[in-house]
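*Asks:* The primary structure of each chain is shown beneath.
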Amino acid sequence: MIEIKNVSKTFNGEIKAIQDLSLTISPGEIVGFIGLNGAGKTTLIKMMTGILRPDSGTITINGYDIVKEGLKAKQIIGYISDSPDMFLRLTGLEFINFIADMYHVSDDVRKERIKYFAEQFNLVDALDKPMQSYSHGTRQKMMVIAALVHNPEVWILDEPLIGLDPKSALILKNMMKEHAKEGNTVFFSTHVLEIAEKLCDKVAIIDHGKIVFFGTLEDLKKKYHKKDDLEKLFMEVIQDE
Amino acid sequence: MNNYLSLTKVFLKALSMSKVNGKKKIIFYFFLLSVLFLIFIPFILFCGVFVYGMTNALKEVGYGTIGFELMGFLISIFTFVFSFNVILNQLYFSDDIECLLPLPIKPVMIVASKFTSCFVAENIMQFLLVLVSVFGYSLAMQLPLPNLLFSLIGIVTLPIIPMVYCSIISLFIMSFTKFIKNKETIRKIGIFFVLLILLLFGVGMSTLQQFNFDTYVESFALGNHKFLEVMRVIFPHISLFVKSFTNMDVIASIEYVLVNVVALGVFFGLAHFLYLDSVIELSSKDTKPSGDTLKLIENSHSKSIFTSYFTKELKILFRSPAFFINCILINFIWPVFAYVIYKVTLSDYSLAKMRILVSDGNVKVSLFILLTVIGVSILLPALNSIAASSFSREGKHFSFLKYIPVRYRIQWRVKVLVPFMISFIGVNIFTTIFYMLLNIPILFGIELYFISFFCILLVCILGVYVDSIQPKLIWDDEANSLRENYNTFMLMGFALLLFGLLCGGGYFLYTKGILLSNIIVLNIIILVCLTLFIWNISVVSIPNNIIEQEEA
Numbered sequence: 001m002i003e004i005k006n007v008s009k010t011f012n013g014e015i016k017a018i019q020d021l022s023l024t025i026s027p028g029e030i031v032g033f034i035g036l037n038g039a040g041k042t043t044l045i046k047m048m049t050g051i052l053r054p055d056s057g058t059i060t061i062n063g064y065d066i067v068k069e070g071l072k073a074k075q076i077i078g079y080i081s082d083s084p085d086m087f088l089r090l091t092g093l094e095f096i097n098f099i100a101d102m103y104h105v106s107d108d109v110r111k112e113r114i115k116y117f118a119e120q121f122n123l124v125d126a127l128d129k130p131m132q133s134y135s136h137g138t139r140q141k142m143m144v145i146a147a148l149v150h151n152p153e154v155w156i157l158d159e160p161l162i163g164l165d166p167k168s169a170l171i172l173k174n175m176m177k178e179h180a181k182e183g184n185t186v187f188f189s190t191h192v193l194e195i196a197e198k199l200c201d202k203v204a205i206i207d208h209g210k211i212v213f214f215g216t217l218e219d220l221k222k223k224y225h226k227k228d229d230l231e232k233l234f235m236e237v238i239q240d241e
Numbered sequence: 001m002n003n004y005l006s007l008t009k010v011f012l013k014a015l016s017m018s019k020v021n022g023k024k025k026i027i028f029y030f031f032l033l034s035v036l037f038l039i040f041i042p043f044i045l046f047c048g049v050f051v052y053g054m055t056n057a058l059k060e061v062g063y064g065t066i067g068f069e070l071m072g073f074l075i076s077i078f079t080f081v082f083s084f085n086v087i088l089n090q091l092y093f094s095d096d097i098e099c100l101l102p103l104p105i106k107p108v109m110i111v112a113s114k115f116t117s118c119f120v121a122e123n124i125m126q127f128l129l130v131l132v133s134v135f136g137y138s139l140a141m142q143l144p145l146p147n148l149l150f151s152l153i154g155i156v157t158l159p160i161i162p163m164v165y166c167s168i169i170s171l172f173i174m175s176f177t178k179f180i181k182n183k184e185t186i187r188k189i190g191i192f193f194v195l196l197i198l199l200l201f202g203v204g205m206s207t208l209q210q211f212n213f214d215t216y217v218e219s220f221a222l223g224n225h226k227f228l229e230v231m232r233v234i235f236p237h238i239s240l241f242v243k244s245f246t247n248m249d250v251i252a253s254i255e256y257v258l259v260n261v262v263a264l265g266v267f268f269g270l271a272h273f274l275y276l277d278s279v280i281e282l283s284s285k286d287t288k289p290s291g292d293t294l295k296l297i298e299n300s301h302s303k304s305i306f307t308s309y310f311t312k313e314l315k316i317l318f319r320s321p322a323f324f325i326n327c328i329l330i331n332f333i334w335p336v337f338a339y340v341i342y343k344v345t346l347s348d349y350s351l352a353k354m355r356i357l358v359s360d361g362n363v364k365v366s367l368f369i370l371l372t373v374i375g376v377s378i379l380l381p382a383l384n385s386i387a388a389s390s391f392s393r394e395g396k397h398f399s400f401l402k403y404i405p406v407r408y409r410i411q412w413r414v415k416v417l418v419p420f421m422i423s424f425i426g427v428n429i430f431t432t433i434f435y436m437l438l439n440i441p442i443l444f445g446i447e448l449y450f451i452s453f454f455c456i457l458l459v460c461i462l463g464v465y466v467d468s469i470q471p472k473l474i475w476d477d478e479a480n481s482l483r484e485n486y487n488t489f490m491l492m493g494f495a496l497l498l499f500g501l502l503c504g505g506g507y508f509l510y511t512k513g514i515l516l517s518n519i520i521v522l523n524i525i526i527l528v529c530l531t532l533f534i535w536n537i538s539v540v541s542i543p544n545n546i547i548e549q550e551e552a
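One line per chain: the protein sequences are D and W, in this order.
For the first sequence, the numbering used here gives the first residue as 1, with consecutive numbering after it.
For the second sequence, the numbering used here gives the first residue as 1, with consecutive numbering after it.
Incorrect hints may appear among the rest.
[Stated by the list, open to error] Across the chosen pairs, the derived CB separations fall in these ranges:
(1) W:Phe430 with D:Glu178: 56 to 62 Å
(2) D:Glu119 with W:Ile77: 53 to 59 Å
(3) D:His136 with W:Ser541: 33 to 39 Å
(4) D:Gly13 with W:Phe332: 47 to 53 Å
[As the list claims (entries may be wrong)] Calculated lysine to any residue pairs in the SDA-like style (CA-CA distance at most 20 Å, straight line):
(5) D:Lys115 with W:Tyr435
(6) W:Lys396 with D:Phe11
(7) W:Lys353 with W:Phe434
(8) W:Lys396 with D:Leu88
(9) W:Lys353 with W:Tyr435
(10) W:Lys295 with D:Tyr116
(11) W:Lys243 with W:Lys295
(12) D:Lys222 with D:His208
(13) D:Lys111 with W:Ser304
(14) D:Lys173 with D:Glu197
(15) W:Lys226 with W:Leu74
(16) W:Lys188 with D:Lys115
(17) D:Lys16 with W:Glu548
[Said to hold, decoys possible] Some, not all, of what chain D presents toward chain W, calculated at C-beta under 7 Å:
(18) Thr49
(19) Phe98
(20) Met102
(21) Val109
(22) Arg110
(23) Leu127
(24) Ser168
To be clear, the hints were calculated from the coordinates, so they are not data collected in a lab.
A quick note: this is a predicted structure, and the numbers were derived from the prediction, not measured.
Ideal Cβ placement from N, Cα and C applies to all residues, glycine included.
Starting from the given sequences, assemble the full structure and let the hints guide the process.
*Replies:* Right, here's the structure in full:
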């Protein structure tokens, strides 16, 4: 469960990136986070993962305050950042083992999970090569494995499907569904509204640092008395604001 | 032309440090920069005094230009050695190449812009050195002010020729290794080339059996100009530069400009024909056949966070050619430079003679050994830039430090341990051999290891602390996290200050009749106190600096 209460964030004392934002994502939910470029998506995600500190307000992950009990909160988060070009001098396997060490993953669990993910994403042959030699998509797959190797309860994913081939994207989407079905939380940002529409239990729309809509697609349709798809509804919500 | 200017502006921007945020931080950072500037002034002035002294001594025998020429050659050699890797990286391995090649810009424009940005970014120090050398020379020769006007072009453009040499060699290496498709292999060839230059430098200097500055003037008077004659052929612009402003010689000035224009013309001409073909073939694809990966997965074992983090840092330092050549290599080739200094300053003391003096308990030799160990132990961890780039090397993934469930105190301690370990091994492998060759008494040896330990630890903590204040996180090539990173200069400045305090102070106390054992104890007390002081500051400040570092 993710609870965001009255969170605000300003950069350089001038730019209000997030304004008094509150949001509760319950266990078992997949929430799609959508908004225009610069709306505040990545800033909020960075605050949820402990990269940035809110100026005011609180964020709790399964009851742990990300600022006050940062280590406990981070331990249960699986985070994919918006750029997969990380530690390119390591081989894929070295990278995942390193991340597994950071999250205290035991030998047996890591072997099983690395093998499972590598086979799912067709990466077995790539694991012993430096990540420098990977394509963008392969690096992104490696980020997915690294984020999930410790079997986190809460998934926070920033544009996780970018660069993935259709098969890998489908596998990840199915994993997200399975994870939520087990009572866990999945929160991900995307610009592909079709994915949000098909995959998410709820969508959160952010504009100028404020949540302008949070609910199911049905709620959104009811609110605007329309039967349009998410793309048209999204445009309407943004224009309204 | 517009493309050239726009590209150059962009490249220069990419090399600059990001803005410091927060009033307190800005004040502190400017204080550090001012201290740095003050520390480097004596070194820069020394070069001017050197040229002044040599010119004064040699002008009587008709060789007034020698001092300046010598400095010019040294600056050119320095530029050549240190620019080679930078130019090779910029022309062929920076991440922006793939974005630049599809643009409708002539490849030679890309080369020219990259060359210009490297030239501007790399030569601030050289510019100052040429300036003070011109002043030193003019004062000694009592040249009037108008002569200085003739020197302006030369002051700004002196390093062009050595940098053109680096560029042309890079073009040839890349063109004739086109069959090697893997970028990493070619980078390794670049490293090998730099090593070769350094080795030749070492071998060259070792032939100077009786080299001594005191007898230098005499040897010139006797007509021994071999070194100069060779250098004049390799760097013809230096002599033309001196001639042009000494005699306000318009012809020499034109010739100086022509030499530079021709050199640039040849370089750009070669780039026009060779660059595109050589850069387009490069790729990072690894062609090695894959091993049994499933077996490798089965062999995966967990490590403690500390060990795993430490191993990761080492792997990146050793595997990245830019980090390897700038941060690692120096720890194992510093004896070449030490040997050159020995040849220049102490060639009268043979090893056998020193061994006898040590066994006789000669205090002066023991003091010399002590101060050398202190000097190397302080300067090497600053020179290798590992500590002062520990956060900068994270680049745009600095946020990784913040979202993993690992305490900041563990992370910065690993970042101290990495440069400490590499520097300690680098220093003490060679000093141990040195101690064994000289039959140093065991107790004295232990004291030296102890002092070396604290010198290196202090500089490493200081380096990590300085880099945590304002790391250079925006770079598109690993080498750029080290280049133009003021933190590495700042640490060097502090190291020089510490070097002056401990070595200068130690020598001063010796001249005042203080016992060597007391000097050692005093040094240990100062080092332990300073280390504890910096450590205590770091414990609070570094985690705060990590938290405050919001955006890459």
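*Asks:* Taking the hints in turn, state whether each one holds.
*Replies:* Hints versus structure:
The beta-carbon spacing between phenylalanine 430 (chain W) and glutamate 178 (chain D), approximately 58 Å, falls within the hinted interval of 56 to 62 Å. Remark: the range hint 53 to 59 Å for glutamate 119 (chain D) to isoleucine 77 (chain W) is upheld by a beta-carbon distance near 56 Å. Roughly 38 Å separates the CB atoms of histidine 136 (chain D) and serine 541 (chain W), a value that falls within the hinted 33 to 39 Å. Checking the proposed 47 to 53 Å range against glycine 13 (chain D) and phenylalanine 332 (chain W) shows it holds: the Cβ atoms sit about 48 Å from each other.
A threshold of 20 Å between alpha carbons decides the hint, and for lysine 115 (chain D) with tyrosine 435 (chain W) the separation of about 52 Å lies outside it, so the pair is violated. Between lysine 396 (chain W) and phenylalanine 11 (chain D) the alpha-carbon distance is near 18 Å, which keeps this suggested pair within the 20 Å criterion. Annotation: proposed proximity of lysine 353 (chain W) to phenylalanine 434 (chain W) holds, straight-line Cα distance about 14 Å (limit 20 Å). Our distance criterion of 20 Å between C-alpha atoms is met by lysine 396 (chain W) and leucine 88 (chain D), whose separation comes to about 13 Å.
This hinted pair checks out: lysine 353 (chain W) and tyrosine 435 (chain W) have alpha carbons roughly 14 Å apart, not beyond 20 Å. The straight-line distance between the Cα atoms of lysine 295 (chain W) and tyrosine 116 (chain D) is roughly 14 Å, inside the 20 Å bound, and the hint therefore holds. Note on lysine 243 (chain W) and lysine 295 (chain W): the hinted pairing is violated, with a Cα-Cα distance of about 70 Å set against a maximum of 20 Å. Distance hint between lysine 222 (chain D) and histidine 208 (chain D) is unfulfilled; the C-alpha atoms sit about 24 Å from each other, more than 20 Å.
Restraint check for lysine 111 (chain D) and serine 304 (chain W): the C-alpha separation of about 17 Å stays at or below 20 Å, so the hint holds. Distance hint between lysine 173 (chain D) and glutamate 197 (chain D) is fulfilled; the C-alpha atoms sit about 12 Å from each other, no more than 20 Å. A hinted pair counts as satisfied when its Cα atoms are at most 20 Å apart, and lysine 226 (chain W) with leucine 74 (chain W) qualifies at roughly 15 Å. Taking the CA atoms of lysine 188 (chain W) and lysine 115 (chain D), the gap is near 33 Å; set against the 20 Å cutoff, the hint is violated.
With a C-alpha separation of about 17 Å, the suggested pairing of lysine 16 (chain D) with glutamate 548 (chain W) holds against the 20 Å cut-off. The criterion of a C-beta within 7 Å of any C-beta in chain W is met by threonine 49 (chain D), whose closest approach is roughly 4 Å, and the hint holds. Among the interface hints, the one on phenylalanine 98 (chain D) holds; its C-beta lies about 5 Å from the nearest C-beta in chain W, closer than the 7 Å criterion. Contact between methionine 102 (chain D) and chain W, as hinted, is supported at the beta carbon level, the nearest pair being about 5 Å apart and thus within 7 Å.
Proximity of valine 109 (chain D) to chain W is violated relative to the hint, the smallest CB-CB distance being about 9 Å (cut-off 7 Å). For arginine 110 (chain D), the interface hint holds, since its Cβ comes within 7 Å of a Cβ in chain W; the closest pair sits about 6 Å apart. Checking leucine 127 (chain D) against chain W by beta carbon gives a least distance of about 5 Å; that is within 7 Å, so the hint holds. At its closest, the beta carbon of serine 168 (chain D) sits 18 Å from a beta carbon of chain W; the interface hint therefore is violated under the 7 Å criterion.
When the structure is compared with the earlier hints, violations turn up for hints 5, 11, 12, 16, 21, 24 and for no others.
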